[in-house]
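Visitor: Working from the sequences, and respecting the hints, build out all of it.
Chains as they are written, first to last, in this note's numbering: chain A, 25 to 424; chain B, 18 to 199; chain C, 79 to 364.
By construction, these hints were calculated from the structure, which means they are not laboratory data. Just so you know, these numbers come straight off a predicted model, no measurement behind them. Take these hints with a grain of salt, some might be off.
DEER-style ranges, computed between Cβ atoms [to be verified]: (1) C:Ala297 x B:Thr129: 47 to 57 Å; (2) A:Val221 x B:Val84: 29 to 39 Å; (3) A:Gly226 x C:Leu159: 43 to 53 Å.
Yeah, the Cβ is synthetic: ideal placement off N, Cα and C, and Gly gets one too.
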Amino acid sequence: MNRARAVWTSPWFQPVLVMLVALLVGTLATDFQKVTLALWVIYGLVALSLDFVWGRAGIFSFGQTAFFGVAAYAYGVIGINLSPNTGETVTALVGAVVAAAALAAALGYFMFYGKVGDVYVAIITLAVTLVLLQVMTSTAGPQYHIGKAQLGGYNGMTNIPSMEFGYPGHPGDQMSQPDTYNFVVLLAGVAFFFVRVLLRSGFGRVITAIRENELRTELLGYDVRRAKVIVFTVGGAVAGLAGGAYAGWGNFMNPAPFSLPAAALIVIYVLVGGKGTLVGAFIGTVAVEWLSTALGGILPSSTTLVVGAILIGVVLLVPGGLTPLIGHLVSRIVPSPPRALRKPGAGTPDAGAGEDVWRPQGGRHDQPRVSSRRASLPDRSERGWEDHLLQPVGRPIPAD
Amino acid sequence: MLEGRPITRLLPHQRAQRGIGIKLQVPSIYRDLSVQENVWLAAFAKMSSTRQAEAAVDRVLARIGLVERAGSPAGELSHGEQQWLEIGMVVASSPEVILLDEPTAGMTHEETNRTVELVRSLAKTATVVVVEHDMEFVQRLDAPVTVLHEGRILAQGRLSEIRHDQRVLDVYLGRTFRVAGS
Amino acid sequence: MDQALTIVVSVLASMATLLLISVGLAVIFGLMRVINLAHGEFLMLGAYAVLVATRNGVSLWIAIPLAALAVGVFGLVVERLLIRPLYGRILDTLLATWGLSLVLVQAVSIAFGPATNGIGTPLGSVRVGGYSFSQYSLVLIVMAAVTLVVVYLLFTRTSYGVMARAAIQNPAMARALGIDTARMNMLTFGIGSALAGLAGALLAPVAGVVPSFGQAYIAQAFMTVIVGGPDVITGTSAAAGLLGGSYSLVSYFTTPFIGQAALLVIAIVLLRVLPQGLSGNWRTYL
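Guide: Right, here's the structure in full:
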């Protein structure tokens, strides 16, 4: 069982698994469906970036869509201007990631070296997103252009080239939609792998420590500000990768992703999938999008209602999100060995493989310290989300 | 000043890097991480590789006597064990100066005894400054004592002398008192 | 002189509006520390309740208290189902009430259609010299004052008030004294909701009744409560007075947009100078 757990927590397994599942679904889907599916994967990648900075590092950023949007516009600008000459959009994609990462680094430096509190990080990132919305919406006139790329204001930038690699001998060979889907899946898998590798390193453990107790980590001698800026930049880069892919996927970009509902939706994806689980970002995105599409067919123009209901449902019933739920179901089917057979000295099942104790469990870390007044706390790491379900509803915990 | 360099203006993490290890009165550990990971984090802050840190962890755990509890979440430890863990975390970062603020607060008699041994062994490799109100603990440590009152040094010396110092007695028992010259 | 009178009425009406929309939130967020992002939608439900009642021939003056009652009952249900399981979990309460807000807005939009519905402003206007103001503004002012007094008395002079505050401040102790804290919290939340419904109902004739009714007010309500500080009645009224008055005066002499900006700036400055809110150092009960 420990062997299986070691594989599950290794950096490559989950990304490869997700990619294989996605590609399998791709073989079963029509070309038309692949267009939507590619979009879901792209959104999932943005959700991954949020789960990384929020679920793993504890930074609640409302700005991931801002980085996503900036990158998409960057891809458009570079693509429109350069790719007719170079026959490829790799530079555009790279440029998109760089633009997003640069914005994230600058914003991160300003916030974390300025020692602003968590609430203000949320407010500032939200403000940046909304300011970008205002700015990009008002670029409607023909005078608003970068090179040959018209910014297009509310209506957006059109004629963004699809992705093309510019193989010698195949200039201007743009990717078809089905190929775009596969490419996007590949991008997502690579980004996912990179994030997992980062989190397994020494740096990753420090990030977890910062999330658990920032002050203590600082007193141990870690430069917390620098660490947070690095995390934030990586998060921005991942969101930027999604943004570049988005522009290449849709050949179009407008200011809509900078809106509040768009930013909020990413948060919902992460929560539904399971905050901090990383793979939950993709699961949550697909679940919410699929449910909205399915129910939207029955009750037209009710997506907001569905999303709201999902949010309530998740918070009340499945606060850890879907991923722990799935894990629990799996463990019911695949029984774990009895306690006595586990490694001696490992106090909990999770402590066996060193990495697992670092895995946050659902909404636990959001609970303020006040919840530790409950007498039954110490067993927390042995109790999964299911114990939460079994607790009597309505036991009020004294609020601070 | 630490080793001749002023440290007042440094940021907290820089001070820690310079070699001051502080253990506050209330245990401040990562409750949801294991004992081992707590110590690892403290060690890694000063080392360049994860391997080095892991080796240091084993040494420290042996020194503070928490080897059997290495895998338990730190929040599950008894109060005394949590205090030792935190001392262990201070030690793991190999400081030159260790400040311990009331390390025996809330400890049982046996735990206090063990702490005396621990502090004595720490003093072999670092300068240890202990702030304490428990006179018995101070006595067993058998080290030079400084009495502070309202931010000023009131008396210094061995505990046996201090115990008979009238000014110290007055302050300790709460009688009205003025430090000469203030 | 006449102009001065109309300005005074206008300023008082702004203060009254701000106070009305905030007092319910002051009870729920200020007193109970529950972050209810659906507060705007409670306002909206009050407005729609009035709409439904008046469409069925009920007089406006009866419809308004009925609407408050209806929203209060709705609040009881929400507390039982949504808020109670999440006490102490601040982020989860925030998210759940946000979800509720999304559901309510779209549910109402589906049920009533997204268009704005009007309820005529009753009572007409009063002419004073060369200026005029709406008599309904006077209604708002009076209602705000009355509501303030009633809520203050309710929480300080009745046995419910004492028990409710005890249940909030020290639930364990309150339970040890035999107070049913769960019931108290439910009632308190219900009262806060009813107050929100009342505000929405009172404002329905003035603003159009539309599903996004609440969105326009929720930011101001939160700001007023936060600026007001820990004394929920005295602090919130002071904040409503200050912010509402500033908004109104500035808007009168410039534009509403600049008025909004002024309100925001003053709120930020106040919070910077008095991070605990206006009533941070006041020694009143509530």
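Visitor: Starting from the hint list further up, note which numbers the structure goes against and sort them upward.
Guide: none
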